[in-house]
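2 protein chains.
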Amino acid sequence: MKTSELGERKLIALLTRDLYTNRRVISGAGEDDAALISFGGKELVATSDIMFASTHFPRGMKPEHIGRKVAIANMSDLAATGASPLAMLFSFGIPPQFEVEELRRIARGIDEVCSEYDAPFVGGDTKKSRELAICGIALGEIGRNEALRRSNAKAGDVVAVTGEIGNATLGLRMILGGMRAPGYKKLVDAFLKPKARVREGRAIAECRAGAAGMDITDGLLFSAGEIARMSGVCISLDGSRIPVSEEARRFAREHNIGERLLLNNGEDYELLVTVKGRRFREVKGNVEDCGGALIEIGRVTRGRGVLLDGKMVGTEGYDSMK
Amino acid sequence: MKTSELGERKLIALLTRDLYTNRRVISGAGEDDAALISFGGKELVATSDIMFASTHFPRGMKPEHIGRKVAIANMSDLAATGASPLAMLFSFGIPPQFEVEELRRIARGIDEVCSEYDAPFVGGDTKKSRELAICGIALGEIGRNEALRRSNAKAGDVVAVTGEIGNATLGLRMILGGMRAPGYKKLVDAFLKPKARVREGRAIAECRAGAAGMDITDGLLFSAGEIARMSGVCISLDGSRIPVSEEARRFAREHNIGERLLLNNGEDYELLVTVKGRRFREVKGNVEDCGGALIEIGRVTRGRGVLLDGKMVGTEGYDSMK
Numbered sequence: 001m002k003t004s005e006l007g008e009r010k011l012i013a014l015l016t017r018d019l020y021t022n023r024r025v026i027s028g029a030g031e032d033d034a035a036l037i038s039f040g041g042k043e044l045v046a047t048s049d050i051m052f053a054s055t056h057f058p059r060g061m062k063p064e065h066i067g068r069k070v071a072i073a074n075m076s077d078l079a080a081t082g083a084s085p086l087a088m089l090f091s092f093g094i095p096p097q098f099e100v101e102e103l104r105r106i107a108r109g110i111d112e113v114c115s116e117y118d119a120p121f122v123g124g125d126t127k128k129s130r131e132l133a134i135c136g137i138a139l140g141e142i143g144r145n146e147a148l149r150r151s152n153a154k155a156g157d158v159v160a161v162t163g164e165i166g167n168a169t170l171g172l173r174m175i176l177g178g179m180r181a182p183g184y185k186k187l188v189d190a191f192l193k194p195k196a197r198v199r200e201g202r203a204i205a206e207c208r209a210g211a212a213g214m215d216i217t218d219g220l221l222f223s224a225g226e227i228a229r230m231s232g233v234c235i236s237l238d239g240s241r242i243p244v245s246e247e248a249r250r251f252a253r254e255h256n257i258g259e260r261l262l263l264n265n266g267e268d269y270e271l272l273v274t275v276k277g278r279r280f281r282e283v284k285g286n287v288e289d290c291g292g293a294l295i296e297i298g299r300v301t302r303g304r305g306v307l308l309d310g311k312m313v314g315t316e317g318y319d320s321m322k
Numbered sequence: 001m002k003t004s005e006l007g008e009r010k011l012i013a014l015l016t017r018d019l020y021t022n023r024r025v026i027s028g029a030g031e032d033d034a035a036l037i038s039f040g041g042k043e044l045v046a047t048s049d050i051m052f053a054s055t056h057f058p059r060g061m062k063p064e065h066i067g068r069k070v071a072i073a074n075m076s077d078l079a080a081t082g083a084s085p086l087a088m089l090f091s092f093g094i095p096p097q098f099e100v101e102e103l104r105r106i107a108r109g110i111d112e113v114c115s116e117y118d119a120p121f122v123g124g125d126t127k128k129s130r131e132l133a134i135c136g137i138a139l140g141e142i143g144r145n146e147a148l149r150r151s152n153a154k155a156g157d158v159v160a161v162t163g164e165i166g167n168a169t170l171g172l173r174m175i176l177g178g179m180r181a182p183g184y185k186k187l188v189d190a191f192l193k194p195k196a197r198v199r200e201g202r203a204i205a206e207c208r209a210g211a212a213g214m215d216i217t218d219g220l221l222f223s224a225g226e227i228a229r230m231s232g233v234c235i236s237l238d239g240s241r242i243p244v245s246e247e248a249r250r251f252a253r254e255h256n257i258g259e260r261l262l263l264n265n266g267e268d269y270e271l272l273v274t275v276k277g278r279r280f281r282e283v284k285g286n287v288e289d290c291g292g293a294l295i296e297i298g299r300v301t302r303g304r305g306v307l308l309d310g311k312m313v314g315t316e317g318y319d320s321m322k
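Chain order of the listed sequences is A and B. Taking the numbering used here, the leading residue of the first sequence gets 1, the next gets one more, and so forth. Taking the numbering used here, the leading residue of the second sequence gets 1, the next gets one more, and so forth.
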C-alpha cells in the first residue's frame, strides 16, 4: 500500500506502534503535540515540525515569511503544552541551485521568532536535497504535571479558544489566488505573520487546572476530535460562540465560502483548550492578565466525537499525506 | 550566488551569524556537534542530522539500514559530547507513492537504535515531500562542564581515536559498485550497521579531563581541522599510528586506493578526541573498562592546522552541499 492511500493519522499510528520506551518518557510519540521527558525535577518538552517547498510554501511567500512559518509552527506546539521556550534547532535540505541570499533571509525570519520567544537558534544541519526542506525543533521546559495534554479533558470542562478562527486559511486562499483585496490585510497577515500563543499556554499551565490543549493548525474540528478521542469524551461546540472576524465573515460571504470550511481548515495558530468549569474564570483571568484572550465555545460532555450545535460532525481536518 | 558554490561550511557560517542568544546557551549554532543548554543544574544536549534519499541512501541499503543510519548519525553527535542519551525525535518527508511497508521497516531500524542506546523515539512529524527525507533529533544530558567541546584542545594534549578508520567509506564504495567480495564483510557492515561511540564518549567525559571531541563522519582530517580551528592549535598526526584494519588495507591495495582517501572520507562513527597528556592513561583506562578503545594517534601542538607525519594537509573533508 502507498503512504498516500493510508493518510497521515494511520501512518503515524503505524510508525509509533510498539516503540521502545522507558520510565522517563511522560508523553511519547503519537500522544501530544510535543514529547514530555522527565529531566532534573522538571519536564523537558520537545517537538518537531518539518516543511517542504512543494507542499508548504506557496508562491507569494517571502523568504522571511517561510522562516517565520516554520519557526512558529514549532513554537505553537510548545505553546499547546504550556511550556516555556528554551531553544530551537533547524535542519535544512537545500537544492544546489538555491540562492544564498534567499536562505539568509529565511534564517532572518527564523531568528526573529527565536528572539520574540527567547528561544535561541542553537543548532541543526544543512544537506543537499531536491527541494527546499526545513525541519524545526523546539525545546521547552515545564514544571512536573503542569503540561496541557490531549488526554486531560473531562466531562463538565469548558471548551475555549485563544482567538479568532479562519483568518489564516482565508489569507492563504487569497495568496494562492493572487488576490490583493484591500480591507483584508488581517487575513493575509494571519497567514504570513503568525504568532504562537506561548504566553497564553503558559498562563493556562501555571494554574495547574488539569487543562487539555492542542493548537488548531490542522483545523478546529480536527483538534476537537483529537482531544475527544485521546480523552474518551465528547466535545460539544456552540457555533454561535466561535469567534470569527468581521473580515473573515465578509470575505467568506463575498466568495461563497461556507463557515464549515473555516472550522475544518487549519493554518491558525490559536490554541483549543478544555478547563475544569469551576476553574475557568480564574484561568481566563490569568490569560487576560498576560494580554491574551480565552473565549468559551463549548463544553465537554460524556460520550464520543464532536458535536457542533448538537449535530455530530466529521473531524478529519487537513491531511498532509493525502 | 548559489548554495552549491558556497559550500556547506561557509553556508553554516552565514546562517549562524549574529543569531539571537541568551545566557542559558552554553554551546550554540556552529560551535559543536550538539547544542548545550543549561537546564535544571545539568546541561541539555540537542543535535539534529537530516538525510535525503537522493544524497544519503544508495541503492543496496535496506529500509532497516536507512533507519539505523539516520538514528546512529544523530546518536554519534551526542556521543561526541559525552552525553547520556535521553530521547530521539524523527520527522519524515514522504513521497505519496512510497510503500507503507518500507516505511515501517525504516521505523524498525530506528527503533532498534533507540532501544540499544536507551533513547526512546518520542515524537516528530510526517509530511508529504518529493523525495524521502528523514530528520533525526537526539536529546541527551550531561553534568555541568563535563561536555567534550571542539574548542577544548590545548598544546600538549594527546590526540586519540576510538577505533579503526576507513572501513565504512570502503564499505560504501563496495555497495555503490555493486561488489560482493567475500572477506570484506567487515567493511560493508561498518557502513550498513554502524554503532555510535556513546559509552566511549561518556567514559571520557566522566573523567572531567577537559577533553575536546568530535565524530569523524566527514573525515578524520576534517574533524582534526575543526578541533584545531576552534581551539586555535595545531594537530599533529602520526600516520603509522592511525588504526586501519587489515581488510581495509587489503581492499585499498587491491583497488589502488591511496591511504589518504581513508583519512579524508567520512562515514565512520568513531570519535576523535584530545586529552591532557598527564590524564591520558587514566582516561584510556576508563574507556577500556567499558569495553571500548582509545588509540593515540598524535599530539596537539602550538600553531594552526593539521600536520600528517610533519606535513601540513588539507582538511576540507566531505562537503554535502557541493
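Think of the hints as simulated: they come from the structure by calculation, not from any bench. Note that the coordinates shown come from a computational prediction; the quantities given were computed from them, not determined experimentally. Be aware that a few hints might be false.
Same chains, same label: a pair holds when it works inside one copy or across any pair of copies.
Listed below are the simulated DSS-like cross-link pairs for lysine-lysine, each with C-alpha atoms no more than 30 Å apart in a straight line [to be verified]:
#1 154 with 2
#2 2 with 185
#3 276 with 322
#4 193 with 2
#5 193 with 42
#6 62 with 10
#7 185 with 276
Tell me the hint numbers this structure goes against, listed in increasing order.
Hint check: 1, 2, 3, 5 and 7 fail, others pass.
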